[in-house]
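The residues making up each chain are set out below.
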Amino acid sequence: MRNFAGACALVLGVACTIAAAPVAAQQAQPLPPGHPLIGQPETAEAKKLAPVAPPPIPTAADKLPLDKLKVPAGYKLETFMAGVPNARTLRLGDKGTVFVSSRLQDKIHAIVEKNGKRELKVVASGLHRPNGIALHKGTLYIAELSQISKIEKIEDVLDNPPKPTVILADLPKDEAHGWKTLTVGPDEKLYFQVGAPCNICMPPERNAKIYRVGLDGKGLEVYASGIRQIVGMDWHPVTKQLYFSENSRDWLSEDIPEDKLNRVTQPGKDNFGFPYCHQGNFTDPEFGWGRKCNEFTKPIGLLGPHTAALGMRFYTGNQFPADTRGQIFLARHGSWNRSVKLGGDVVLIKLKPDGTMASLTPFVTGFIQNNNYVGRPVDVLIMKDGSMLISDDFNGAVYRLSYGAGRVAGR
Amino acid sequence: MPSRLSPRRALACLGLVLGLVAQPLPTRGQTVEKRFETCIVCHGPNGQSQIPEIPSLGGQTAPYALIQLFMFRGKLRHFEPMNEAVKDFTDDDLRTFSDYIAKLPPPQPPQDGDPTRLAVGRALVQKFRCDFCHAGNLAGRDNVPRIAGQREDFLLKTLREYKANVRSGYDASMADVLVPISDQELADIAYYSSRQP
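Residue numbers (my numbering), protein chains in the order written: chain A, 50 to 460; chain B, 5 to 201.
Bear in mind the hints are in silico, worked out from the structure with no lab data behind them.
Don't take each hint at face value.
Claimed, not checked - Straight-line distance between alpha carbons at most 25 Å, and here's what the computed DMTMM-like set of lysine to aspartate or glutamate pairs gives:
| id | chain 1 | residue 1 | chain 2 | residue 2 |
| --- | --- | --- | --- | --- |
| 1 | A | Lys156 | B | Asp96 |
| 2 | A | Lys97 | B | Asp146 |
| 3 | A | Lys202 | A | Asp143 |
| 4 | A | Lys199 | A | Glu162 |
| 5 | A | Lys186 | A | Asp304 |
| 6 | A | Lys170 | B | Asp92 |
| 7 | B | Lys91 | A | Asp219 |
| 8 | A | Lys222 | B | Asp95 |
| 9 | A | Lys156 | B | Glu165 |
| 10 | A | Lys166 | B | Asp103 |
| 11 | B | Lys79 | A | Asp143 |
| 12 | A | Lys156 | B | Glu189 |
| 13 | A | Lys170 | B | Glu88 |
| 14 | A | Lys156 | B | Asp157 |
| 15 | A | Lys96 | B | Asp146 |
| 16 | A | Lys289 | A | Asp219 |
| 17 | A | Lys112 | B | Asp103 |
| 18 | A | Lys144 | A | Asp219 |
| 19 | A | Lys390 | B | Asp97 |
| 20 | A | Lys163 | A | Asp434 |
| 21 | B | Lys79 | A | Asp208 |
| 22 | B | Lys91 | A | Glu168 |
| 23 | A | Lys96 | A | Asp111 |
| 24 | A | Lys318 | A | Glu303 |
| 25 | A | Lys112 | B | Asp97 |
| 26 | A | Lys166 | B | Asp97 |
| 27 | A | Lys222 | B | Asp97 |
| 28 | A | Lys156 | B | Asp92 |
| 29 | A | Lys156 | A | Glu254 |
| 30 | B | Lys91 | B | Asp118 |
| 31 | B | Lys79 | B | Asp118 |
| 32 | A | Lys112 | B | Glu41 |
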């Protein structure tokens, strides 16, 4: 069941729509809360746009679009693993196992090296939207749509993993923005979000927030609020502050609002403005009346309109050139709510000494060809040798980006 | 997760399953027409279902059919006889069957529509923008299925299942859409959609 606030919004919405019902059916009517098309204008060009559904079956290894993807001079991109259905979040175990989550399918996979060959293993199945995973001291944590579970000593039981044990249940069950990003903080707590259950709406009390909770599922508390949906988080290697990517609302315009790069500086207090303020600099045409953007924590960088900024990681390896160290690599899944697609790349975000964004440079490009997707990057992972893995949920694949001499290491 | 197979449905299908088991299992190497004969037992000749709560397949969009067959194979969608029917399918089999289904003629809708109820259904379809995702004529596009001419009883059953989160779609669109829609409205929508060409 939805919570009380949600139920109220619902009753209100139903009451409103009933009141509006006698109006001629041709007319655009207010949609009930939670409807995925809320905010969509009634114009022919807008009606052409819809979320892009990834094919369910992974692309065969020899059909992956590697020849279309471009990397900067000195770098090399190769296939790390093909056939990983709907590959989403990437995490690394202490013993070198790469874990890959899925959003639309029910499984978590592990990529293991055996006698110099890579193999794909299923480590958990029958899960519901298990997008969020994290590894900490040998334990795999899994965030499904409405619960968090764990498998201890996962790398010792890859051949016969037990069912995950639930540590936190009964999170909201909204499907919209219900899938989670999960990370473990420097304080050894789990961090995850409950997204806004809509494109744009007044979120119910429990939604649009980042939470943290102990590794045992106890002590749940709000860490930040006013957040529409997060699909990437990482911790600054020096300041240990939480950085995260936030996807902004759809249907306002082709060009605004841009997705955001945010940073939490006041744990428990920061409010990032949803649904009142977008980009930190303009108020929502509906919910923003009577509000001001300076009531809220501003983003530290803008990442392009509708680009779907997802997984991000500080580069902590030492294979890539020195000017990438301590900077952010971030995957932009690419837009659907825009006539000319934007994003569809992995970008390098350089930071100023104060930790805010200085520049954004497309780094691995070519996922969009002739305004169509040939792949869609989701997450990045820095490996121990300093190379970087990139997941692609459209092709069900994981790529490896390496630099210079490091290029041969993965062969 | 709860089992998707209600006792009532299990019973209703038992006869069919027995029929299926008696059939030779589809073997690779045979033409898709030949292999589709095992599916006809339930889904009807040319994919025009004659059996309550079993969907017609004719004219279904290939990307949607592929996703559903994939989900049945991977037990992401639960209906045991269907899970059985495709459990040994290769990826290529899934593609072959979904392409084949898409080329079958769409089902012929009944012509017995009551104009008043049709108008109610049409208004609801527009109000909830079913016709946006499922295309203006409800013939579907890409991963969004054809619902025009689909069996009314199947539409109602599956809409109720989405609403109750018993059927979880490959993506979340339907669960989100159905939250505020009443059971009577679902019935009116099913009545209308099933009678569209």
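Enumerated hints in conflict with the structure, sorted upward: 5, 7, 8, 10, 11, 12, 14, 16, 18, 19, 23, 24, 26, 27, 29, 30, 31, 32
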